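*Asks:* Sequence:
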Amino acid sequence: MSADPINIIVGADLYGVLIVDGLRKGTVGQPIAQNSVLGWVISGPIPPSKVESHITSVAASEQPPLRVSAHHCLNLSLDQELRKFWEVEELPHKTHLNPEDAQCEEHFRRTHSRCPDGRYMVRLPFRAGPLIEIGHSRGVAEHHLKGLTRRLDAHPEQKREYSEFLREYETLGHMIEVPASDDAEEQRVYIPHHAVMRESSATSHLRVVFNASCATSNGSSLNDHLLVGPKLQPDLPAIILRWRLFKYVYTADMTKMYRQIRVDPRDVTYQRILWRERPTDPLCEYILLTVTYGTAAAPYLALCVLDQLVNDEGQAFPLAVFILQKGKYIDETLFGAHRLEDLRIARDQLIALLRKGGFELRKWASNNSELLSDIDPANHGLACNKILKTDESLKILGVSWNPARDIFQFQTATDAPAPQTKRSILSAIAKLFDPLGWVTPVTITAKILMQRLWRLKFEWDDTLPHDILREWKPIYNQLSALNELHLPRWTGQESDSDRCELHGFADASNVAYAAAVYLRVISKSGRITISLLMGKSKVAP
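Counted from 1, the sequence shown has number 548 at position 529 by our numbering; the numbering is strictly sequential.
Derived from the structure by calculation, the hints contain no laboratory data.
In this text the structure is predicted, and so the values were computed from the model without any measurement.
Mixed in with the good hints, there may be bad ones.
As the list claims (entries may be wrong) - With a straight-line cut-off of 30 Å between C-alpha atoms, the simulated DSS-like cross-links for lysine-lysine are: (1) Lys178 with Lys382; (2) Lys375 with Lys275; (3) Lys275 with Lys450; (4) Lys275 with Lys178; (5) Lys450 with Lys250; (6) Lys555 with Lys414; (7) Lys275 with Lys414; (8) Lys266 with Lys375; (9) Lys555 with Lys250; (10) Lys557 with Lys492; (11) Lys466 with Lys492; (12) Lys382 with Lys414; (13) Lys476 with Lys414; (14) Lys345 with Lys543; (15) Lys165 with Lys178; (16) Lys44 with Lys165; (17) Lys450 with Lys345; (18) Lys543 with Lys450; (19) Lys250 with Lys275; (20) Lys165 with Lys250; (21) Lys492 with Lys476; (22) Lys414 with Lys250.
When you get a sec, could you build the whole thing from the sequences and use the hints?
*Replies:* Put into structure tokens, the structure is as follows:
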């Protein structure tokens, strides 16, 4: 395949003029070839694990030599990384409920319920329905499963982990095997699934992801029919900034948060999967009984349930209410206090409140070993008080934190030679996650270079000119040097601090502008601690 530039875009009004006799197609999920005056045009689904780019068109010419051209746009993973890179620089802003968000909120209010064991049950927030106007999905799911089986057979360790993951899913009662049904009146949606590897995970390196965005036979997916809901989680920088104010801190995750929330039996038929451990085994059909990771509404439903738990039970746990309102980001919680005993009380309230709704905390970490000594794995079966080495770091909301030294660190993988194409340079820059702008002096130079690359309109995979590479090399070396940089987590502020001051600085030039805010803490004894809180930068238009 060649990554040639797109020379012409054909409108839908001309498509019928271009096609000629000749249509070749297989079963559901396989590519379709349509003959045209320009050659054969191929279309069809791509398995999620194989999607490397946004494919615009594929055409085959019958004129010798035979040539197949694939014209495509930006690499999908790079596109996501770039979007994240730029979005962290945007200041948070208030949003107003649109009609769909209001519909989603009202739907949850009317349809959620509480089970006898305290857990919550929700209904899927469809835009319209059920019933929904969705196509057939079983054939697509079977096709994806065949591809998944081939990939897992080639990697025995991944296959073992994948099977164990789904076996545990069933053992915990989060899915149940059901007989294949021919009931024409029952609407069913089969969701393909695949593996995602998480090398930095402290528990399991493999997670099974359910692809509810996979198109069915009529082109629509389950996610197309689900409301996403309004944004409920606090802004990430605000959570980290508040966490830095406390002398002693905890962080913990809610284990399998989505799967502690049950889906109403009337809606579970939209969450079916196919699975078998071996190619020779019969194909088994399962229904997912809980909120499913990969469905568009899952984050909203989970956060709505936690808010509802606060409303239903929070009056008895005021310290835990504050944590869940101000220190929670999806399933991660960050909280602290200036005294050890106060922090233990807050922790115990949080554990008790979450258990009222069927949630458990695990992966406990703290900057003080005493705070881990009374978290007993025998009493908290899903808690983890692993003793970290002094040089070990954890990922906290995407930022590396070393609990033993109580510092933030930066981890950049720059061992390979400096990239030399537009695509590889932008990829290297976009991987630097700095939501609070602590390394703005480095990222702003990278942004300026990014802007220049866009303006010069280089092709994605062309080797760049020497003058650009000379400019890029010192920036790349700076990225590597960030591995040696660290930032104290605690700002030095205590409950009896004499005075706290905020100092802001801003500057601008004809190429960029930036601002930084520092906290200056003066203790009763006169000790002064200065901490960089946040930096922001933008390239000039």
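*Asks:* With reference to the structure, classify each hint as holding or not holding.
*Replies:* Against the structure, the hints come out as follows:
no.: 1; hint: Lys178 with Lys382; verdict: holds, 25 Å
no.: 2; hint: Lys375 with Lys275; verdict: holds, 16 Å
no.: 3; hint: Lys275 with Lys450; verdict: holds, 27 Å
no.: 4; hint: Lys275 with Lys178; verdict: holds, 21 Å
no.: 5; hint: Lys450 with Lys250; verdict: holds, 25 Å
no.: 6; hint: Lys555 with Lys414; verdict: holds, 22 Å
no.: 7; hint: Lys275 with Lys414; verdict: holds, 18 Å
no.: 8; hint: Lys266 with Lys375; verdict: holds, 29 Å
no.: 9; hint: Lys555 with Lys250; verdict: holds, 23 Å
no.: 10; hint: Lys557 with Lys492; verdict: holds, 21 Å
no.: 11; hint: Lys466 with Lys492; verdict: holds, 14 Å
no.: 12; hint: Lys382 with Lys414; verdict: holds, 11 Å
no.: 13; hint: Lys476 with Lys414; verdict: violated, 36 Å
no.: 14; hint: Lys345 with Lys543; verdict: holds, 29 Å
no.: 15; hint: Lys165 with Lys178; verdict: holds, 13 Å
no.: 16; hint: Lys44 with Lys165; verdict: holds, 19 Å
no.: 17; hint: Lys450 with Lys345; verdict: holds, 27 Å
no.: 18; hint: Lys543 with Lys450; verdict: violated, 42 Å
no.: 19; hint: Lys250 with Lys275; verdict: holds, 21 Å
no.: 20; hint: Lys165 with Lys250; verdict: violated, 37 Å
no.: 21; hint: Lys492 with Lys476; verdict: holds, 20 Å
no.: 22; hint: Lys414 with Lys250; verdict: holds, 23 Å
In summary, the structure is inconsistent with hints 13, 18 and 20 from the numbered list given earlier, while agreeing with the others.
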